[in-house]
Amino acid sequence: MGIEQTAPAPGDSNSNFLLTTLDDVVSWARKNSLWPLTFGTSCCAIEMMMATGASRHDISRFGAEVVRATPRQADLLIVAGTIVKRMAPVLRRLYEQMAEPRYVIATGSCTISGGPFIYHSYTTLRGISDVVPVDVFVPGCPPRPEALFYGILTLQKLIQEEETIGKPGYRRKPVTAALPPNMSIDEIKEEMAKLLEQQAIVKDPLKGDSTEFMRGR
Amino acid sequence: MTAFSSFLFNYLNGVTANVYEPVSVATRAAEVWAHEPWLAIGWLALGMAVMLGFLVVIGMGLIYGERKIAGHFQCRLGPMRVGWHGLLQVIADTLKLLVKEDVVPAKADKVLHVLAPVLAIMATLLALAIVPATPWFQLIDVNIGVIYVTAVGSIGVLGVLIGGWSSNNKWSLLGAMRAGAQIISYEVSATLALLIIVLFAGSLQLSTIVESQADGWWIWRSHLAGIVAFFTFLIASTAELNRTPFDLPEGESELTAGFHTEYSGMRFAFFFLAEFINMFVASAIAATLFLGGWMPFQIAGLDGFNAVMQAIPPGVWFAVKTGGLIFLLMWFRWTFPRLRIDQLMGLEWKFLLPVGFVNLLFAAVLILMGWYFAPIPA
Amino acid sequence: MSVKVKTLDDLTLPPPGADSPLSTQEYFINMGPQHPATHGVLRLLLRLDGENVREVIPVLGYIHRGIEKIGENSSYRQTIHLVDRLDYLSALMNNWVVSMVVERAAGIETNDRIEYIRTIMAELQRLQSHTLWWGVIGMDLGAFTPFLYGFRDREYATDIFEETIGARLTMNYIQPGGLMNDIHPNFVKRTKEFLEYLKPKIDEYDELVSGNAIIQKRLVNIGILSAEDAISFGTTGPVLRASGVPYDLRKIEPYGVYGKVEFDVAVGQAGDSWDRYIVRVMEMRESVKIIEQLIDNIPEGDYMTVKVAKAIKPPEGRYYGHLETARGVIGCFIVSDGKDKPYRFHLRTPNFNNLWCLTKIAKGWKIADLVAIASSLDIVIPDIDR
Amino acid sequence: MEKAALLETITALIPNAKVIEEGVDRPAIELPPAHLPEAAKLLHDTDDFAFDMLCAHTAIDRIDDGKFELIYQLYSTKFHHYLMLSVKVDREHPVVPSVSSVWRIAQWHEREVYDLFGVLYDNHPDLRRLFLEDDWQGHPLRKDYRDDFMLTME
Chain A
4 MGIEQTAPAP GDSNSNFLLT TLDDVVSWAR KNSLWPLTFG TSCCAIEMMM ATGASRHDIS
64 RFGAEVVRAT PRQADLLIVA GTIVKRMAPV LRRLYEQMAE PRYVIATGSC TISGGPFIYH
124 SYTTLRGISD VVPVDVFVPG CPPRPEALFY GILTLQKLIQ EEETIGKPGY RRKPVTAALP
184 PNMSIDEIKE EMAKLLEQQA IVKDPLKGDS TEFMRGR
Chain B
10 MTAFSSFLFN YLNGVTANVY EPVSVATRAA EVWAHEPWLA IGWLALGMAV MLGFLVVIGM
70 GLIYGERKIA GHFQCRLGPM RVGWHGLLQV IADTLKLLVK EDVVPAKADK VLHVLAPVLA
130 IMATLLALAI VPATPWFQLI DVNIGVIYVT AVGSIGVLGV LIGGWSSNNK WSLLGAMRAG
190 AQIISYEVSA TLALLIIVLF AGSLQLSTIV ESQADGWWIW RSHLAGIVAF FTFLIASTAE
250 LNRTPFDLPE GESELTAGFH TEYSGMRFAF FFLAEFINMF VASAIAATLF LGGWMPFQIA
310 GLDGFNAVMQ AIPPGVWFAV KTGGLIFLLM WFRWTFPRLR IDQLMGLEWK FLLPVGFVNL
370 LFAAVLILMG WYFAPIPA
Chain C
67 MSVKVKTLDD LTLPPPGADS PLSTQEYFIN MGPQHPATHG VLRLLLRLDG ENVREVIPVL
127 GYIHRGIEKI GENSSYRQTI HLVDRLDYLS ALMNNWVVSM VVERAAGIET NDRIEYIRTI
187 MAELQRLQSH TLWWGVIGMD LGAFTPFLYG FRDREYATDI FEETIGARLT MNYIQPGGLM
247 NDIHPNFVKR TKEFLEYLKP KIDEYDELVS GNAIIQKRLV NIGILSAEDA ISFGTTGPVL
307 RASGVPYDLR KIEPYGVYGK VEFDVAVGQA GDSWDRYIVR VMEMRESVKI IEQLIDNIPE
367 GDYMTVKVAK AIKPPEGRYY GHLETARGVI GCFIVSDGKD KPYRFHLRTP NFNNLWCLTK
427 IAKGWKIADL VAIASSLDIV IPDIDR
Chain D
246 MEKAALLETI TALIPNAKVI EEGVDRPAIE LPPAHLPEAA KLLHDTDDFA FDMLCAHTAI
306 DRIDDGKFEL IYQLYSTKFH HYLMLSVKVD REHPVVPSVS SVWRIAQWHE REVYDLFGVL
366 YDNHPDLRRL FLEDDWQGHP LRKDYRDDFM LTME
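Chains as they are written, first to last, in my numbering: chain A, 4 to 220; chain B, 10 to 387; chain C, 67 to 452; chain D, 246 to 399.
For the record, the hints were derived by calculation from the structure and aren't laboratory data.
Be careful, since some hints might not be right.
Below 27 Å or equal to it, Euclidean Cα-Cα: the simulated DSSO-like pairs (lysine-lysine) are [as the list claims (entries may be wrong)]:
#1 A:Lys88 x C:Lys72
#2 D:Lys388 x C:Lys317
#3 C:Lys432 x B:Lys179
#4 C:Lys70 x D:Lys248
#5 C:Lys267 x C:Lys255
#6 C:Lys255 x D:Lys248
#7 C:Lys72 x C:Lys429
#8 C:Lys407 x C:Lys376
#9 C:Lys70 x D:Lys286
#10 B:Lys179 x A:Lys160
#11 C:Lys70 x D:Lys312
#12 C:Lys426 x D:Lys286
#13 A:Lys88 x C:Lys373
If you're wondering where the values come from, they're calculated on a predicted model, not measured in any experiment.
Starting from the given sequences, assemble the full structure and let the hints guide the process.
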């Protein structure tokens, strides 16, 4: 484990129709049932609560309102807020206590790079990707609930692409779920609608660029 | 095949002419066992298959319903994206839990850890078997039905206790201890409340109790005793179900997840499912004993009204009564805060139990004197 | 003189039966750093006897980001955005206290318009913070629905902030010498709408939670903090006022335009969890009253009195200023050596002091009470750890 | 009490106290460390002052003078007056008596100052690090603190 492994050649042993269909079904179930762990350290946690708790944004529409307090039952670790040296082992432990398959969304500048606490801070970690493998980064300080939703939708897209049965251990490099700058509100709405309808064209990851892959854990 | 056709005939006849012959599946199987053993096995298999389907449908339906109802209580929508109005949400959840990794903590007692959720779900399944959903469908009609329900219900607490103990986690243990104390205490009150109806109906058999309510449901035929018993049972069974305001064993803000803190994947789903099926069983028992089970609502003297009521199939009556009680339980959950453990025990031992005993005495006097609305059915 | 320094490993359990008549074995349990009741990454090491809390030992530092060290290496304007992230639910008040001290140190004058807007914003933030707290205490007591209601009402205030400030949570709005930008043309109208919306909602809060028998059973006469203890622990804000000490900086040393408005200081009597609860609910009504008196009278003027490009260099000295946030008194202590960066930048945060009374008042109660008491103290963890 | 009157009464009662005139924005006195506990007790108990609340306690690293300046911000809930107490200790042997028996909150403020500055408090009931791990090396708020992890802009 932990060693990078090149992806198999195109058309290699994964053309089984039954497995592919089964893959689709399992991925569908996983992506639609992302139960988050109650985990928040600072400011981002409030915006995360606005997303998961508040009735305006209402994460329950996506079936993700079943917030579990114990990592054993959670699928999604939303790291909301600064992680400092003392917290890092705890975060790692929480991640390891979660049952596979588990996904990590890192929200906020602090989890990406240390945010406003990069310089002169003797404790703040400069990004959490050294501690836990991150699937999706959501930038912002703190990110709006909508941004978090965009991150969750991006994660859903990633899960749908994943090959779950043949290669269960594969994990992508993290993706940043940031909207490009200068997007108008209408364009954002369009993009969200596209994701919601699941019509986004999914590139077959195994036939694509093999450097996109890396063995997780 | 004659039995099948006669069953179909009986059923159609029953629906059209309101002539019910309450015969449980087990009875049917026993009847034909001597000369047609394969048919008997067929009956049993059919019964089990229907029960299993029932279990899954009820479990999923209740979970979906709970999430939707909770959503609307909280000014939001609940699941919307998976299927039409989130109908497929529970299926996605179940599928995900099925294929999720199943963690057994390294220092846990592995055998007991695996056994606990099985015990919990087994207890609910056993209780579900005797619920008289309609006159023509009941898996087994035990002649000591009421005692059977309370006895089987106590197996569930074993599952919770074992689960909490075997996890080797202090929060789990605390949750399990709370569950043990709470469920065993409230079982006393629930049983006392059931006993009152047993006294009135003169039988322990659930089908007989339902039939005894043909002239009126026990909740109003028995003066005050029935109403008090009904509310006692409702409170006690809410406590037995570990639902708010009595959800101390898994009180999320106190004990992270209580007794199932260390459970993941399908085993957690078993606990989860058991809770919802238990809710159904408790509501069904309450509906059967106090609200007349599948008996239609009748008002003496209003023949036209009664005829309309009787035209509604008994299964619908049963579903409506049980559903109403389930909705009430959900309403509790999304409105009330949680009690503290000593307040919870105080409520049982200092209030509900004395009330239950006094009520039992009162009911006994009522029966001795014959001071209730209709005669005991022969 | 030699001083013995201890570690966590020095903690030991007493022998069985030491604290209770039964021969029971006590045990340690960790509540946190990840626990739903601790609202963040607070770790409470509990010594329990069954369900009874024998000792609470808070272990801090899981979100200690070294803000004071960063502040020593930032210019005065840069420190503003750091304090946003302390008590993020009182971000504007935190901005204000730094601005206040820097203004006093550097001799910067502000005008009436700035002070009016600052006061209104601070009170809006107090409302926003208290609505969130109200939801959270409901959730901690096991009722999930108030949480949603509290957040629903909080959203409206967030909208108002967003329109003027552009941020929802970490505002960075109040600057030394003024404000980041002027208020939005809609601000007055929308604030009034919000107040009209909120007033019946506060009554609804009372109906849903305050009047509930279970809530009262869980809060009344639980976790009593006497006035002497409250002062000795240095608690401030609603926690201190609930114990019967009418200490409110808005009244005692009016800053901003608090001197011009009529309002009452909500004071409790017994100092139990219920008083802490009801004091906050009363404060919500007072905040509404304050904003109503100010919102129509915002005078004309500039929103900034100094050039932003010019570095602030206060003369050498030690400056301490404080004001009342939603949780208590935040104090800012700046030591200047005449350069453009503070020589020492210290923050006296309300939650730090408020937390420690938990070690006394939670003793002897059950775990469930500990959760309720902690919730009634309304603690924000990054504010403690800094 | 007015500022001048307050300072006068204090200096009369505590002869070792030296009034700080410059660079402060509120009444301030300086005390030698050895006299801190008795002065604290007097300030807390004397009815004329009744400084019953310790608002804040922190330290300043005066590295050029080789001293730590400890600051105690006192407040009286009875008379609503303030006092800043300043105590200077040697940077090499920073030991001061604890005042946690007078103001209870001082216990944790002192732990914080010990954690971040390394000032040792005599007679402290539970002197532990507050924010950092027990095995942390050094005291980060000292001006000469450096470690491999911290990024500086120099």
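Outcome of the hint check:
A distance of roughly 21 Å separates the Cα atoms of Lys88 of chain A and Lys72 of chain C; the hinted pair therefore holds under the 27 Å criterion. For a cut-off of 27 Å, the pair hint linking Lys388 of chain D to Lys317 of chain C is broken: about 39 Å separates their Cα positions. Straight-line distance between C-alpha atoms of Lys432 of chain C and Lys179 of chain B comes to about 15 Å, which keeps the hinted pair within the 27 Å bound. About 39 Å separates the Cα atoms of Lys70 of chain C and Lys248 of chain D, which puts this hinted pair outside 27 Å; it is violated.
Annotation: proposed proximity of Lys267 of chain C to Lys255 of chain C holds, straight-line Cα distance about 19 Å (limit 27 Å). The hinted pair formed by Lys255 of chain C and Lys248 of chain D fails the criterion: a straight-line CA distance of about 45 Å is larger than 27 Å. Straight-line distance between C-alpha atoms of Lys72 of chain C and Lys429 of chain C comes to about 22 Å, which keeps the hinted pair within the 27 Å bound. Using a Cα cut-off of 27 Å, the hinted pair Lys407 of chain C and Lys376 of chain C holds, with the two alpha carbons roughly 13 Å apart.
Proximity of Lys70 of chain C to Lys286 of chain D is assessed by CA-CA distance (about 24 Å); at most 27 Å being required, the pair is judged to hold. Taking the CA atoms of Lys179 of chain B and Lys160 of chain A, the gap is near 38 Å; set against the 27 Å cutoff, the hint is violated. Pair hint Lys70 of chain C plus Lys312 of chain D holds up; C-alpha atoms about 22 Å apart against a cutoff of 27 Å. Note on Lys426 of chain C and Lys286 of chain D: the hinted pairing holds, with a Cα-Cα distance of about 22 Å set against a maximum of 27 Å.
For the given pair, Lys88 of chain A sits about 39 Å from Lys373 of chain C by alpha-carbon distance, which is inconsistent with the 27 Å threshold.
Figure legend: structure checked against the earlier numbered hints; hints not met, in rising order: 2, 4, 6, 10 and 13.
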